[in-house]
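J.: For reference, the chains in residue letters:
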Amino acid sequence: MKIYCYSIINSNHKLPCRIKGLQAGAVYNIPYRDIGIVVSEFNELFTPPVISIPSISSIERDEDCEKNHSPALFMPAYVLKHEDVVEALMKNFNILPFKFFTVFNSNDDILAVMENYYNDFIENLDRLYNKVEFGLKVIWPGKIIKNHISKTYTENNHILPEDSPAKTFINEKLKNYRIEKKFIDKANNCVDIINNCFNKFIIEKRIETLKSTNLLLNASYLVSKEKVNDLQKAFESLIITNGGFKYLFSGPWPPYNFIRLNKKVVQNFTERSMYG
Amino acid sequence: MDKILTTDSPALFISEMAKLNPVIPKRITANPKNVEHGLAKLVLTLIELIRKLMEKQAMKRIEKGSLTDEEIERLGETLMKLENKMDELKQLFGLTDRDLNINLGPLGDLM
Numbered sequence: 709m710k711i712y713c714y715s716i717i718n719s720n721h722k723l724p725c726r727i728k729g730l731q732a733g734a735v736y737n738i739p740y741r742d743i744g745i746v747v748s749e750f751n752e753l754f755t756p757p758v759i760s761i762p763s764i765s766s767i768e769r770d771e772d773c774e775k776n777h778s779p780a781l782f783m784p785a786y787v788l789k790h791e792d793v794v795e796a797l798m799k800n801f802n803i804l805p806f807k808f809f810t811v812f813n814s815n816d817d818i819l820a821v822m823e824n825y826y827n828d829f830i831e832n833l834d835r836l837y838n839k840v841e842f843g844l845k846v847i848w849p850g851k852i853i854k855n856h857i858s859k860t861y862t863e864n865n866h867i868l869p870e871d872s873p874a875k876t877f878i879n880e881k882l883k884n885y886r887i888e889k890k891f892i893d894k895a896n897n898c899v900d901i902i903n904n905c906f907n908k909f910i911i912e913k914r915i916e917t918l919k920s921t922n923l924l925l926n927a928s929y930l931v932s933k934e935k936v937n938d939l940q941k942a943f944e945s946l947i948i949t950n951g952g953f954k955y956l957f958s959g960p961w962p963p964y965n966f967i968r969l970n971k972k973v974v975q976n977f978t979e980r981s982m983y984g
Numbered sequence: 034m035d036k037i038l039t040t041d042s043p044a045l046f047i048s049e050m051a052k053l054n055p056v057i058p059k060r061i062t063a064n065p066k067n068v069e070h071g072l073a074k075l076v077l078t079l080i081e082l083i084r085k086l087m088e089k090q091a092m093k094r095i096e097k098g099s100l101t102d103e104e105i106e107r108l109g110e111t112l113m114k115l116e117n118k119m120d121e122l123k124q125l126f127g128l129t130d131r132d133l134n135i136n137l138g139p140l141g142d143l144m
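Taken in sequence, the protein lines are chains A and B. If you want my numbering, it's the position in the first sequence, counting the first as 1, plus 708. If you want my numbering, it's the position in the second sequence, counting the first as 1, plus 33.
Hints should not be assumed to be uniformly reliable.
As the list claims (entries may be wrong) - Below, in silico cross-link-like pairs of lysine-lysine (DSS-like), each with a Cα-Cα straight-line distance of 30 Å or less:
id : chain 1 : residue 1 : chain 2 : residue 2
1  : B       : LYS52     : A       : LYS913
2  : A       : LYS839    : A       : LYS859
3  : B       : LYS123    : B       : LYS85
4  : B       : LYS89     : A       : LYS859
5  : A       : LYS889    : B       : LYS118
6  : B       : LYS97     : A       : LYS890
7  : B       : LYS89     : A       : LYS894
8  : A       : LYS728    : B       : LYS97
Unchecked claim - Quick partial rundown of chain B residues pointing at chain A, CB under 8 Å, derived from the structure:
id : residue
9  : LEU45
10 : LYS52
11 : GLU106
Just so you know, these hints were derived from the structure itself, not from any lab. Glycine residues also receive a C-beta, built at the ideal position from the N, C-alpha and C atoms.
Just chain A, with the same shape it has in the complex (with noise of 0.2 Å):
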């Protein structure tokens, strides 16, 4: 039997109401000093297969998919199974969760970590306290506006003369060059205004501008518990006066991408882990 981790809590008691974690596996705390890692026992002959996660409208609420014998189907009821514990954790603690799929061997390995990365674990708890992340993920029209640029960039725009095959090679490139600056240069402003709209709330944010020509932003943002309600009124009135972006705005959630250790932790203890 193998040790499945959902997260490290700022409490070492025991937890105060029955959760049910992956294979119906009782979710416990196990103590260590002043703080504890939440966990369920888990069966070690089911062996998970390397699968990208299914789409959104695939998955499925259904725990009979465990009597199921095929692996695969599985994995989608394991991955919401996960964020139940999270989330139920999530109101009565501060947490900071495992990746899904965090497997130890034995109670001594999870000890030796808690032993090896309790400073880092409580600096984090202590840093995150009271702290929930929002996501914000924006698609724009990317392509049209990319076209756009390219349709206005003219000849006259080149610097140099046409007097060779290299010069016109050279022309080509830097008009590919000057259109993606002129893009990219849009894009960061439409995201410097979107973010405008919610730096007076948060606390530290996580950006990656055009992850995809259409993919404008996705952001998570680390706020208080307190500014929730005005980070969501702040949303609500970026999507009036920016209505012309689509908008996936989700939370609250764990502060999982705030989260800051020193040390690599658990690759070196964990039986596998599902994202490399």
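Put chain B on the given structure of chain A with help from the hints.
T.: For chain B alone, coordinates are given in the frame of chain A:
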């Protein structure tokens, strides 16, 4: 605390996020039948990365005006020959631009 999930286009986000799956899988399957192809892909990806970086650096320098006419001419010829050679090699190994378009994390896609 209730979850807030606001979007009017869930399908659009699903399709956009699905495009971001990495070209190279996180776990590489070492298959004796395709090891040559895999090695060629790896090498050409690295060469393409360097080539694209060189091109970008060249454009920056031309924009700044720090190259003479002769230097631009030589640069153009070299980059042109490099691009042509890469096209030949891609064709030889049956690789497309998409095959070599690795995700560089915070830097985005190679191409």
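J.: Can the hint on B/GLU106 be confirmed by a CB-to-CB distance to chain A that is less than 8 Å?
T.: holds, 5 Å
J.: A/LYS889 and B/LYS118: Cα distance at most 30 Å?
T.: holds, 27 Å
J.: Does B/LYS97 pair with A/LYS890 here, judged by a C-alpha cut-off of 30 Å?
T.: Given that 30 Å is the threshold and the Cα spacing comes to 16 Å, the pair holds.
J.: Once the shortest beta carbon distance from B/LEU45 to chain A is found, is it less than 8 Å?
T.: holds, 6 Å
J.: Could you check if B/LYS52 really has its C-beta closer than 8 Å to a C-beta on chain A?
T.: It holds, given that the least Cβ distance between B/LYS52 and chain A is near 6 Å, below 8 Å.
J.: Is A/LYS839 within 30 Å of A/LYS859, Cα to Cα?
T.: Not satisfied, since the Cα-Cα distance of roughly 46 Å exceeds 30 Å.
J.: Quick one, are B/LYS52 and A/LYS913 close enough, alpha carbons at most 30 Å?
T.: Distance ~24 Å between B/LYS52 and A/LYS913 Cα, so the pair holds.
J.: Starting from A/LYS728, check that the Cα of B/LYS97 is at most 30 Å away, please.
T.: It is violated: about 63 Å lies between the C-alpha atoms, which goes past 30 Å.
J.: Between B/LYS123 and B/LYS85, does the CA-CA distance stay at or below 30 Å?
T.: Holds - the C-alpha atoms of B/LYS85 and B/LYS123 are around 15 Å apart, at most 30 Å.
J.: Check the hint pairing B/LYS89 with A/LYS859 against an upper bound of 30 Å on the C-alpha distance.
T.: holds, 22 Å
J.: For B/LYS89 and A/LYS894, compute the direct alpha-carbon distance and say whether it is at most 30 Å.
T.: Given that 30 Å is the threshold and the Cα spacing comes to 19 Å, the pair holds.
In summary, the structure is inconsistent with hints 2, 8 from the numbered list given earlier, while agreeing with the others.
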